[in-house]
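Visitor: Residue numbers (the numbering used here), protein chains in the order written: chain A, 1 to 94; chain B, 95 to 318.
I should point out that these hints are in silico values taken from the structure, not numbers from a laboratory. The model shown is predicted, which means the values in this text are computed figures rather than measured ones. Even glycine gets a Cβ: it sits at the ideal position worked out from N, Cα and C. Among the clues, some could well be false.
Covered stretches of chain B (in silico footprint by chain A; criterion: 3 or more residues with CB under 8 Å from a CB of chain A, positions within the stretch not fixed) [said to hold, decoys possible]: (1) 205 to 219; (2) 232 to 244; (3) 289 to 296.
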Amino acid sequence: MTGVNDSDADTILRGILRDVLGLDQQRTDALTADSGLFGSLPELDSMAVAGLLTEMEDRLDIVIDDDEVDGELLENYGNLLDFARSKRAAAQGA
Amino acid sequence: MIADWPCPAAGGIRHERALVFDRNRTARLLVVPPLFEEANRTRRLLMGAMRQLDDAGIDSLLPDLPGCLESTAPFGEQDLDTWRAAMATAAAHFGATHVFSLRGGALVAPTHLPRWLLEPVAGAALLRQLLRARSIAAKEAGRVENGAALLEIGRAEGLELAGYRCGAGLIRHLEAATVSENSGTAIIRQAELGGGALWLRSEPADDPAQSAALAALLAAGIAG
Numbered sequence: 001m002t003g004v005n006d007s008d009a010d011t012i013l014r015g016i017l018r019d020v021l022g023l024d025q026q027r028t029d030a031l032t033a034d035s036g037l038f039g040s041l042p043e044l045d046s047m048a049v050a051g052l053l054t055e056m057e058d059r060l061d062i063v064i065d066d067d068e069v070d071g072e073l074l075e076n077y078g079n080l081l082d083f084a085r086s087k088r089a090a091a092q093g094a
Numbered sequence: 095m096i097a098d099w100p101c102p103a104a105g106g107i108r109h110e111r112a113l114v115f116d117r118n119r120t121a122r123l124l125v126v127p128p129l130f131e132e133a134n135r136t137r138r139l140l141m142g143a144m145r146q147l148d149d150a151g152i153d154s155l156l157p158d159l160p161g162c163l164e165s166t167a168p169f170g171e172q173d174l175d176t177w178r179a180a181m182a183t184a185a186a187h188f189g190a191t192h193v194f195s196l197r198g199g200a201l202v203a204p205t206h207l208p209r210w211l212l213e214p215v216a217g218a219a220l221l222r223q224l225l226r227a228r229s230i231a232a233k234e235a236g237r238v239e240n241g242a243a244l245l246e247i248g249r250a251e252g253l254e255l256a257g258y259r260c261g262a263g264l265i266r267h268l269e270a271a272t273v274s275e276n277s278g279t280a281i282i283r284q285a286e287l288g289g290g291a292l293w294l295r296s297e298p299a300d301d302p303a304q305s306a307a308l309a310a311l312l313a314a315g316i317a318g
């Protein structure tokens with residue numbers, strides 16, 4: 001059950017990054033847990049991050065508080081995905 | 095291609111600009127741009143769709159919102175009411191028969207004409223995203239800015255958000271504004287255009303296939 005949800009979160013998150021960053025499918029598929037985000041991708045400025053978080057809320061059906069957003073969360077794809085999964089599990093468990 | 099139109103402004107009339115494909119045809123579509131940075135991100139999508147509508151025999155008119163894009167009006171003096179009045183005036187000036195808007199444009203688009211809204215968004219959602227961008231930028235600069243506290247300041251004295259000096263009126267209007275969907279309103283979803291939403295894109299981009307899909311939807315709707 002959680003396995004299915006986990007892979008959903010991964011697919012959805014890659015889809016959001018593809019849309020926000022304008023990546024092609026190949027680059028989207030190539031994202032790994034270590035792929036750097038904020039600070040590594042110049043197009044990911046504060047406005048783009050805000051858009052990214054808002055899309056995560058919409059498409060993953062979660063709510064993200066401002067104080068949950070820090071440099072570590074956005075450091076790489078793995079951290080963001082872990083966060084998305086735990087938020088989703090909490091939202092679905094509630 | 096570029097036309098002037100007289101826009102109501104504090105103390106009289108100010109001439110604003112519009113991008114137009116105008117051959118005095120019967121069907122005339124007013125295109126209301128989205129708000130803030132999304133206007134820049136979707137400019138080419140809209141221009142591409144307008145060009146295709148021109149080929150399909152439909153005139154289209156894309157006015158600048160006062161204070162945005164080429165407009166010389168002060169952004170800080172604008173709120174949703176000044177933009178609504180501006181778009182209503184543009185619709186009358188150009189003799190628009192139909193309306194299309196994208197995202198936050200739905201909040202200021204005229205409601206008395208048949209209209210299509212692409213992914214309309216409530217003002218509160220736009221405001222939340224702008225406040226969030228500001229908090230993130232502050233954090234990056236080593237400052238702490240709390241969204242709720244910022245909003246409090248914004249309501250009282252206005253606030254700079256994503257490079258826009260928003261007046262208190264605009265902040266208060268955004269908090270409350272929802273999209274009105276009357277019987278003449280049709281909603282278009284991004285999925286109908288194929289491809290990712292260009293208004294989300296961190297860099298302005300173009301997608302001729304989406305422009306063509308949008309123009310085809312609108313042309314079919316206008317033909318009824």
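Visitor: Kindly indicate which numbered hints from before are broken by the structure, ordering the numbers from low to high.
Guide: The structure breaks only hint 1.
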